[in-house]
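Student: Could you build all of it, start to finish, from the sequences and the hints given here?
Listed below, chain by chain, are the residues.
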Amino acid sequence: MGAMPILRELPSADAAAPSFDMPRAGWLELFATLADGDSAALEKLYDAAAQRLYALALWLTGSPEDAADVVAETMVRVAQQRSQLRGVRDPRAWLLTVSRRLSLDVVRRRSRRPSEPLEAAEFVTAPHHDADRALDAQRVSTLLAALPVHHREVVFLHHFADCSFAEIGQVVGVPTFTAASRYRLAIRRLRRLLESPS
Amino acid sequence: MTSPERLLESFGVPRPPDSLRARSLAAAAATMAGSASRPGLWVRMWQTRAARLAWAAAVAGLVLAHVVLSVPARSTTAHGGSALLLAGAGPDPELAATVTLPRLRSNRLPQLDVSLKTVSAAPAGGITPRSDDHDA
Numbered sequence: 003m004g005a006m007p008i009l010r011e012l013p014s015a016d017a018a019a020p021s022f023d024m025p026r027a028g029w030l031e032l033f034a035t036l037a038d039g040d041s042a043a044l045e046k047l048y049d050a051a052a053q054r055l056y057a058l059a060l061w062l063t064g065s066p067e068d069a070a071d072v073v074a075e076t077m078v079r080v081a082q083q084r085s086q087l088r089g090v091r092d093p094r095a096w097l098l099t100v101s102r103r104l105s106l107d108v109v110r111r112r113s114r115r116p117s118e119p120l121e122a123a124e125f126v127t128a129p130h131h132d133a134d135r136a137l138d139a140q141r142v143s144t145l146l147a148a149l150p151v152h153h154r155e156v157v158f159l160h161h162f163a164d165c166s167f168a169e170i171g172q173v174v175g176v177p178t179f180t181a182a183s184r185y186r187l188a189i190r191r192l193r194r195l196l197e198s199p200s
Numbered sequence: 004m005t006s007p008e009r010l011l012e013s014f015g016v017p018r019p020p021d022s023l024r025a026r027s028l029a030a031a032a033a034t035m036a037g038s039a040s041r042p043g044l045w046v047r048m049w050q051t052r053a054a055r056l057a058w059a060a061a062v063a064g065l066v067l068a069h070v071v072l073s074v075p076a077r078s079t080t081a082h083g084g085s086a087l088l089l090a091g092a093g094p095d096p097e098l099a100a101t102v103t104l105p106r107l108r109s110n111r112l113p114q115l116d117v118s119l120k121t122v123s124a125a126p127a128g129g130i131t132p133r134s135d136d137h138d139a
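Top line first, the protein sequences correspond to chains A and B. Positions 3 to 200 (the working numbering) are the ones given, in order, by the first sequence. Positions 4 to 139 (the working numbering) are the ones given, in order, by the second sequence.
The hints are simulated quantities; they were obtained by calculation from the structure and are not laboratory data. Incorrect hints may appear among the rest.
Said to hold, decoys possible - Facing chain B, according to a computed beta carbon distance under 8 angstroms, are these residues of chain A, among others: (1) Ala57; (2) Val73; (3) Ala74.
Stated by the list, open to error - Partial list, computed: chain B residues near chain A (C-beta under 7 angstroms): (4) Pro7; (5) Phe14; (6) Gly15; (7) Val16; (8) Arg18; (9) Pro19; (10) Leu23; (11) Ala25; (12) Arg26; (13) Ser27; (14) Ala30; (15) Ala31; (16) Leu44; (17) Val71; (18) Ser73; (19) Val74.
Idealized CB from N, CA, C, for every residue including glycine.
Tutor: So, in structure tokens, the structure goes:
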């Protein structure tokens, strides 16, 4: 069984945005500022979270337009519920949960009308505009599109949102063990897809 | 073989379009401004004189209704009869006998006490007539 070109050793790159990975105390402070009605804090929130929220929505909906709508709606939800933000214990998980629910709503609504194929979605990107890596990213995106959505979301949350399995369980609404099991199955399935000649 | 995990770590995720920032922030800021200028229900009620008067009138009406409705109920309990009789045109003996439970009669003896007395006074193996039979 021949390995695909994407199986070669690849340099690690494109580290996660540090702002999204700031400690919980930073998130709590940001949410407290938002709860006070400081609209300038919205910009900080967007800069910290927009890329991950957009990517999560893209992984779930497969549509850049829908993903952009989800991010905008998530920001609106933050503004709407600002009086309750002070009581949020894990702001990062809260944002991911809101974004995930909005994305699933979009998917449910779209299931009643024709949509563009999921294989066309760009789930991962290559860093540094490398042409070879861009081709690899396209292939990996195609393989990720073959995963069921509940597998794809745990892969995203674990790899690109740096969530522990406990946090994934909190976001997805399943026990920690189930989140870990879904991740294991998703990786096994992805490995099988990578090894398949087609 | 490179594991899928190492492979995923080597890629990034797409960035949102640049136009999304202004659009999202404008929508969120408008929502925040709207929610800030619109106080909550209780605050609005407290600040509006008409709403305060309406609230006070509603509370007064509820208290008055409670008092008015509880007075006949109390008098019925004191009388020992049924509210159905009071609501009717006049005291009908047959209706009074029907709606008044025997155990609620003031001169009714406790059933257990009567039974014990009867059993202790009855001859062995005999059938003891119930006190209701005597009443009838």
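Student: Going back to the hint list, which numbers does this structure go against?
Tutor: As far as the earlier hints go, 11, 16, 17, 18, 19 are violated by this structure, in ascending order.
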